[in-house]
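Asks: Residues per chain are reported as follows:
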Amino acid sequence: MQPLKVVSENSTVYNSSNNKLDNSKMEIKPVNPDRALDQKLVEKAQKGDKQAFSLLVEKYQLKLYRLISRMVRDQSEIEDIVQDSFIKAYRAIGNFRGDSAFYTWLYRIGINTAKNHLVSLGKRPKAMDANEIEEMENYESMSELRVSETPESTMMSNQIADTVNGAIQNLPDELREAISLREIDGLCYEEISELMDCPIGTVRSRIFRARETIAEKLKPLIETTNKRW
Amino acid sequence: MNEKISSLFDSEINNKEVDTILSKKSKMAGVRSSMSDYQLISDVLKKKTILPKSNLTDKIMTAIDKEPTQMGGLVKANSSNTAVMSFEILPVLASLAVLIVIASTAFNIEVNNTATNQFLAKEDIPQEIINAHHAATANNMNYFIQVGDSAK
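These protein sequence lines are chains A and B, in that order. Per the numbering used here, residue 1 is the first one in the first sequence, and the count goes up by one each step. Per the numbering used here, residue 1 is the first one in the second sequence, and the count goes up by one each step.
Please keep in mind that the hints were generated in silico from the structure rather than gathered at the bench. One should not assume that every hint holds.
[As the list claims (entries may be wrong)] Below, a list of computed lysine to any residue pairs in the SDA-like style, where the Cα atoms sit at most 20 Å apart:
(1) B:LYS25 / B:LYS46
(2) A:LYS219 / B:SER23
(3) B:LYS46 / A:ASN158
[As the list claims (entries may be wrong)] Estimated spans, in silico, between C-beta atoms of each pair:
(4) B:SER23 / A:VAL119: 39 to 49 Å
(5) B:LEU93 / A:LYS219: 50 to 60 Å
(6) A:THR150 / B:ASN15: 16 to 26 Å
(7) B:ASN15 / A:ASP162: 36 to 46 Å
(8) B:LYS47 / A:LYS217: 14 to 24 Å
(9) B:VAL101 / A:GLY98: 33 to 43 Å
(10) A:GLY122 / B:ASN15: 43 to 53 Å
[Stated by the list, open to error] Just some of the chain B residues that point at chain A, by a computed CB distance under 7 Å:
(11) THR20
(12) LEU22
(13) SER26
(14) MET28
(15) LEU45
(16) ALA63
(17) MET71
(18) VAL101
As the structure is a computational prediction, the values presented were derived from the model and not from experiment. Glycine is no exception: its CB is placed at the ideal position from the N, C-alpha and C atoms.
Let the sequences and hints guide you as you build the complete structure.
Replies: Structure (structure tokens):
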């Protein structure tokens, strides 16, 4: 395996083998691909394509769930708030002009919906300062879910984690490396193709095959957990 | 197709491929299911708290299917929901309301100048006083010209 290169936000490449910045590899991406895709889906939703909006729902429902779980503990209430937030977002999608990222806009709707929900229950929503709002908008940093866990849910979480980690270990080297660089190191396909010295199409294929192999191992477990969770 | 979904999950997909995925509407449930699986794998690898695979997206989309379809800022009403008005119309209505207020105000001024004032003048005020008042007072247009001049 080649030495791991970590790409910072401004796309400066750090080479861990010699602890030096590799300026020759520096490049600035003009458009955030995540935001560009969201904008494309939003534009389609604005033109009446509900399936495009469903992809935005799939993409952000879990992140919104995590966000709301910081304000509300009850799982069914969280689900209701997430659902209401998406409905409000859909009703207002015609007014979304792309001045901010879609998720920033959605998260503000989510926070307001959660606050209104708490007020309707006679609870005072916690006042948040600018730092907290910024932290909440930064969905990637939110890994914790603040809902009460049961022994059973903890056990199932552990089983899923063990299955995924076991499946990763059994993957062929090139698949394991590709998905690790993507998911753990957060590299884009182009950066992975440079690191692995292969075409982007090959990276794409390797990541897909890795995911499919892991998903196949997970399938029986997911079916069981859906019945019990 | 599945490889495209994996790329879609990573936002590493071009517009044409997005169109291809969205064009296969009958397969969208499968697309969302695959993305949900990939999200679960991603959460484990990033050591995030794992959530069970839920049908929340299905619930949300069932609710959204009952909503009127958005059409470029306008709203196309569903048969079940006809009392819908787009917010895009509000600026037009606001402009119309302003025009009505201006027209109404102008009309009132005219009425005051003609009917009401003349009625009062005829009934209560001697004509010579009215003539003197008119001679000493600018009409509306003159008033604004005077104000404009004094502003300079």
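Asks: For the pair we were handed, B:LYS46 and A:ASN158, check the Cα-Cα distance against 20 Å.
Replies: holds, 14 Å
Asks: Could you tell me whether the CB distance from A:THR150 to B:ASN15 stays inside 16 to 26 Å?
Replies: Since the Cβ atoms of A:THR150 and B:ASN15 sit about 44 Å apart, the hinted range of 16 to 26 Å is violated.
Asks: Is the interface hint for B:ALA63 satisfied, with its Cβ closer than 7 Å to some Cβ of chain A?
Replies: For B:ALA63, the interface hint holds, since the closest Cβ of chain A sits about 6 Å away, which is under 7 Å.
Asks: Is the straight-line distance between the alpha-carbon of A:LYS219 and that of B:SER23 20 Å or less?
Replies: violated, 27 Å
Asks: Is the hinted range of 33 to 43 Å satisfied by the C-beta distance from B:VAL101 to A:GLY98?
Replies: holds, 35 Å
Asks: Between A:GLY122 and B:ASN15, is the Cβ distance one that fits in 43 to 53 Å?
Replies: 48 Å Cβ-Cβ, so the 43 to 53 Å window holds.
Asks: Would the stated hint for B:LEU22 survive a check requiring a Cβ distance to chain A of less than 7 Å?
Replies: holds, 5 Å
Asks: Between the beta carbons of B:ASN15 and A:ASP162, is the distance compatible with 36 to 46 Å?
Replies: holds, 39 Å
Asks: Please check whether B:MET28 passes as an interface residue: C-beta within 7 Å of a C-beta belonging to chain A.
Replies: holds, 5 Å
Asks: Less than 7 Å between beta-carbons is the criterion; does B:LEU45 satisfy it with respect to chain A?
Replies: holds, 4 Å
Asks: Taking only the CA atoms, is the gap from B:LYS25 to B:LYS46 under or equal to 20 Å?
Replies: Since the Cα atoms of B:LYS25 and B:LYS46 sit roughly 31 Å apart, the hinted pair is violated (cutoff 20 Å).
Asks: Answer holds if the nearest beta-carbon of chain A is closer than 7 Å to that of B:THR20; otherwise answer violated.
Replies: Violated, about 12 Å.
When each numbered hint is compared with the structure, violations occur for hints 1, 2, 6, 11, 13, 18.
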